[in-house]
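The lines below spell out each chain.
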Amino acid sequence: MIRVVLPAHLRTLAKVEGEVTLDVEGPATQRSVLDAIEARYPMLLGTLRDHVTQKRRPFVRFFACEEDLSHESPDAPLPDAVTKGKEPFLVVGANAGGKGRG
Amino acid sequence: MSKVRVLVGTRKGAFVLASDGKREKWDVSGPHFGGWEIYHLKGSPADPNRLYASQSSGWSGQVMQRSNDAGNTWETVGNKFVYDGIPGTHQWYDGTAHPWEFKRVWHLEPSLTDPDTVYAGVEDAALFRSTDAGQNWEELSGLRGHGSGPRWQPGAGGMCLHTIILDPSDPNRMFIAISAAGAFRTDDAGKTWRPINQGLHSQYIPDPHAEVGHCVHRIAMHKSRPKVLFMQKHWDVMRTDDAGESWKEVSGNLPTDFGFVIDVHAHEPETIYVVPITSDSLHFPPDGKLRVYRSRSGGNEWEALTKGLPQSDCYVNVLRDAMAIDSLDKCGVYFGTTGGQVYASKDAGDNWAPIVRDLPAVLSVEVQTLS
Chain S
0 MIRVVLPAHL RTLAKVEGEV TLDVEGPATQ RSVLDAIEAR YPMLLGTLRD HVTQKRRPFV
60 RFFACEEDLS HESPDAPLPD AVTKGKEPFL VVGANAGGKG RG
Chain U
0 MSKVRVLVGT RKGAFVLASD GKREKWDVSG PHFGGWEIYH LKGSPADPNR LYASQSSGWS
60 GQVMQRSNDA GNTWETVGNK FVYDGIPGTH QWYDGTAHPW EFKRVWHLEP SLTDPDTVYA
120 GVEDAALFRS TDAGQNWEEL SGLRGHGSGP RWQPGAGGMC LHTIILDPSD PNRMFIAISA
180 AGAFRTDDAG KTWRPINQGL HSQYIPDPHA EVGHCVHRIA MHKSRPKVLF MQKHWDVMRT
240 DDAGESWKEV SGNLPTDFGF VIDVHAHEPE TIYVVPITSD SLHFPPDGKL RVYRSRSGGN
300 EWEALTKGLP QSDCYVNVLR DAMAIDSLDK CGVYFGTTGG QVYASKDAGD NWAPIVRDLP
360 AVLSVEVQTL S
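So the protein sequences, as listed, match chains S and U. If you count the first sequence from 1, position 62 lands on 61 in numbering that gives the first Met the number 0, and the numbers rise without skipping. If you count the second sequence from 1, position 269 lands on 268 in numbering that gives the first Met the number 0, and the numbers rise without skipping.
Calculated directly from the structure, the hints in this document are not laboratory data. For each residue, glycine too, the CB sits at the ideal point set by N, CA and C. Take these hints with a grain of salt, some might be off.
Lysine-lysine pairs mimicking DSBU-like chemistry, simulated, CA-CA at most 35 Å apart [stated by the list, open to error]:
#, chain 1, residue 1, chain 2, residue 2
1, S, 54, U, 226
2, S, 14, U, 79
3, U, 24, S, 54
4, S, 54, U, 190
5, U, 102, S, 14
6, U, 11, S, 14
7, U, 190, S, 14
8, U, 2, S, 54
9, U, 24, S, 83
10, U, 79, S, 54
A short list of chain U residues far from chain S (calculated; beta carbon distances all over 12 Å) [stated by the list, open to error]:
#, residue
11, 33
12, 57
13, 60
14, 97
Away from chain S, derived, C-beta distances all over 12 Å, residues of chain U [what the hints assert, rightly or not]:
#, residue
15, 54
16, 55
17, 59
18, 100
19, 114
20, 356
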């Protein structure tokens with residue numbers, strides 16, 4: 000079981016409260032966790048990573064075990080503490096973002 | 000009795016303002032999608048309970064919402080906007096080639112006849128259409144690919160397709176406008192397009208009379224005269240009487256002809272409204288006075304409408320999608336400001352009062368007239 004913490008705006012969008020728990024088939028990686036999140040909450044498609052390139056959105060970050068995993072390969076194994084459910088996989092909105100309109 | 004429903008998109012959510020035909024007392028619901036930028040929401044003319052909303056954020060990108068019950072409940076629909084084929088490049092701010100990248104939906108235009116068909120104008124500029132109530136989106140790529148696309152460039156707010164006008168007399172004709180490319184028209188339901196910028200003059204581009212490159216801010220049409228269009232350009236208020244084949248300036252006696260919004264009276268096709276803004280570097284009203292200007296002659300001769308609007312120390316902006324007009328008699332005129340006020344006039348502009356004063360910065364205003 001993998002615990003995932005979504006940012007507040009995406010919890011609202013997905014209509015969930017608190018942590019999300021997921022069972023991931025095969026090795027737990029960023030990609031497999033995000034696949035599982037999007038499968039259960041299709042309204043989050045496109046909000047974490049690009050629809051086509053599957054790249055992480057620029058102002059979305061992935062943290063776990065006090066480490067920034069955002070720049071790790073999406074296919075790299077997640078830390079044991081995450082795969083065993085001891086630590087959550089954190090999806091975080093970076094301290095930047097937004098843009099105006101005229 | 001008639002009712003009106005004002006749909007307000009703001010920097011931090013959507014609001015629905017509802018009143019009976021007297022337009023004196025208003026119910027305010029919202030924020031819907033609190034914390035998210037709502038660039039635009041609009042109802043279907045064919046089914047007023049069907050609403051579409053563009054929800055976005057710099058963190059999470061684009062989300063699309065649909066309501067089937069006038070905004071009481073919402074459901075997410077498709078947000079996959081993928082350019083047709085190889086996107087190619089347009090001009091960047093510094094004149095270099097820049098890849099086309101989807102950023103957000105600026106404007107939604109539901110079909111006049113089919114509640115499940117809706118058009119989306121996006122940044123980087125392109126036009127998309129859904130025919131299944133927003134689940135799937137397909138680019139009408141004849142616009143972006145018609146030839147001048149590599150010469151388009153962003154305006155200060157981004158390279159956005161912000162205006163979509165459907166011709167009520169010809170389902171194959173549509174007008175769109177892009178900052179900063181200009182106005183375009185299709186006569187074959189979106190397959191092919193051509194620029195319609197003859198007569199525009201823009202000193203901020205190398206060739207002031209160029210075929211494309213003009214920063215059009217907004218275009219408006221009266222449904223009874225679909226060949227007559229009114230335009231608020233970056234600078235200049237313009238009109239065409241031949242569906243965009245040629246434009247002429249009608250700024251006349253305006254205190255400044257910079258601005259964003261323009262709209263047409265519901266029952267008088269020669270009566271138009273603008274909100275003059277000081278300049279491209281001073282995005283607030285001249286002299287700290289918020290004034291709507293009305294022309295009853297299709298331009299050139301303008302009168303200031305000030306009753307009920309702040310006439311001192313007002314430094315808000317009125318963005319391009321933030322004015323709308325209902326079809327009651329007398330028609331109501333509505334506009335929202337970056338200061339969070341939504342002003343309404345129930346007598347075609349003679350007198351004004353705020354419906355709400357303290358919303359987040361208003362990005363868009365639409366109104367539905369309900370019988």
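So, going through the hints one by one against the coordinates:
Annotation: proposed proximity of residue 54 of chain S to residue 226 of chain U is violated, straight-line Cα distance about 45 Å (limit 35 Å). Distance hint between residue 14 of chain S and residue 79 of chain U is fulfilled; the C-alpha atoms sit about 20 Å from each other, no more than 35 Å. Taking the CA atoms of residue 24 of chain U and residue 54 of chain S, the gap is near 49 Å; set against the 35 Å cutoff, the hint is violated. At roughly 32 Å between alpha-carbon atoms, residue 54 of chain S and residue 190 of chain U fall within 35 Å of each other, so this suggested pair holds.
With a C-alpha separation of about 24 Å, the suggested pair residue 102 of chain U and residue 14 of chain S falls inside the 35 Å cut-off, and the hint holds. In summary, the hint linking residue 11 of chain U to residue 14 of chain S is supported, as the alpha carbons are separated by about 18 Å, within the 35 Å threshold. Between residue 190 of chain U and residue 14 of chain S, the direct Cα distance comes to roughly 39 Å. Violation of the 35 Å bound is thereby established for this hinted pair. For the suggested pair residue 2 of chain U and residue 54 of chain S, the alpha carbons sit about 46 Å apart, so the restraint of at most 35 Å is broken.
Among the hinted pairs, residue 24 of chain U with residue 83 of chain S is inconsistent with the structure: their alpha-carbon atoms are about 57 Å apart, more than 35 Å. A threshold of 35 Å between alpha carbons decides the hint, and for residue 79 of chain U with residue 54 of chain S the separation of about 14 Å falls inside it, so the pair holds. Residue placement check: residue 33 of chain U does not keep its beta carbon more than 12 Å from all beta carbons of chain S (closest about 8 Å). Not every C-beta of chain S lies more than 12 Å from that of residue 57 of chain U, the closest at about 3 Å, which undercuts listing it as non-interface.
Remark: the non-interface label on residue 60 of chain U conflicts with the geometry, its nearest Cβ contact in chain S lying 6 Å away (cut-off 12 Å). With 12 Å as the threshold on Cβ separation, the claim that residue 97 of chain U sits away from chain S holds: the shortest Cβ distance comes to roughly 16 Å. A beta-carbon of chain S is positioned within 12 Å of the beta-carbon of residue 54 of chain U; the least distance is around 9 Å. Annotated as non-interface, residue 55 of chain U brings its C-beta within 12 Å of a C-beta of chain S; the closest such distance is 9 Å.
Here residue 59 of chain U does not stay apart from chain S, with its beta-carbon only about 4 Å from theirs, under the 12 Å limit. Its closest Cβ contact with chain S, about 10 Å, brings residue 100 of chain U to no more than 12 Å, contrary to its assignment away from the interface. Here residue 114 of chain U stays apart from chain S, with its beta-carbon at least about 21 Å from theirs, past the 12 Å limit. Its beta-carbon lying about 21 Å from the closest one in chain S, residue 356 of chain U satisfies the requirement of being farther than 12 Å from that chain.
When held up to the earlier numbered hints, the structure conflicts with 1, 3, 7, 8, 9, 11, 12, 13, 15, 16, 17 and 18 and fits the remainder.
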